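Construct the complete structure from the given sequences, taking the supplied hints into account.
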Amino acid sequence: MKTYCITYHETYAENYEVEANSPDEAEQILRERIANGKESAPEQCQDSWCDIAEL
1 MKTYCITYHE TYAENYEVEA NSPDEAEQIL RERIANGKES APEQCQDSWC DIAEL
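Position 9 of the sequence shown, counted from 1, bears residue number 9 in the numbering used here, the numbering being contiguous throughout.
For the record, the hints were derived by calculation from the structure and aren't laboratory data.
Keep in mind that the hints are not guaranteed to be accurate.
What the hints assert, rightly or not - The list that follows gives simulated cross-link-like pairs (lysine to aspartate or glutamate, EDC-like), each with its CA atoms no further than 20 Å apart:
no.: 1; residue 1: Lys38; residue 2: Glu19
no.: 2; residue 1: Lys38; residue 2: Glu27
no.: 3; residue 1: Lys38; residue 2: Asp24
no.: 4; residue 1: Lys2; residue 2: Asp51
no.: 5; residue 1: Lys2; residue 2: Glu54
no.: 6; residue 1: Lys38; residue 2: Glu25
no.: 7; residue 1: Lys38; residue 2: Glu14
no.: 8; residue 1: Lys38; residue 2: Glu17
Stated by the list, open to error - Derived Cβ-Cβ restraints for the label pairs, each shown as a range:
no.: 9; residue 1: Thr7; residue 2: Arg31; range: 21 to 29 Å
no.: 10; residue 1: Glu10; residue 2: Asn36; range: 21 to 29 Å
no.: 11; residue 1: Leu55; residue 2: Ser22; range: 44 to 52 Å
no.: 12; residue 1: Leu55; residue 2: Glu14; range: 35 to 43 Å
Note that the structure is predicted; figures quoted are calculated from it, not measured.
Even glycine gets a Cβ: it sits at the ideal position worked out from N, Cα and C.
Below, the structure is given as structure tokens:
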């Protein structure tokens, strides 16, 4: 039997509508809203994968 080191990853996604003057500003506004609890972070897992290395 062998031992493996496994790193498990998940990505979450959700669409948001943000009014802004540029894409960078829209991203900044959304990140601030999520950080301040004014918007909910994505709850739906979109994808997952593992990186595996034999020890």
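Here is what the structure says about each hint:
1. Lys38 with Glu19: 15 Å, holds
2. Lys38 with Glu27: 14 Å, holds
3. Lys38 with Asp24: 19 Å, holds
4. Lys2 with Asp51: With Cα atoms ~16 Å apart, Lys2 and Asp51 stay inside 20 Å; holds.
5. Lys2 with Glu54: Within the cut-off at roughly 7 Å; holds.
6. Lys38 with Glu25: 17 Å, holds
7. Lys38 with Glu14: It holds: about 15 Å lies between the C-alpha atoms, which stays within 20 Å.
8. Lys38 with Glu17: Given pair Lys38, Glu17 holds - Cα atoms ~13 Å apart, limit 20 Å.
9. Thr7 with Arg31: 21 to 29 Å: Roughly 25 Å apart at Cβ, these two residues keep to the hinted range, so it holds.
10. Glu10 with Asn36: 21 to 29 Å: 24 Å, holds
11. Leu55 with Ser22: 44 to 52 Å: The hint (44 to 52 Å, Cβ to Cβ) holds, given that Leu55 and Ser22 are roughly 47 Å apart.
12. Leu55 with Glu14: 35 to 43 Å: 37 Å, holds
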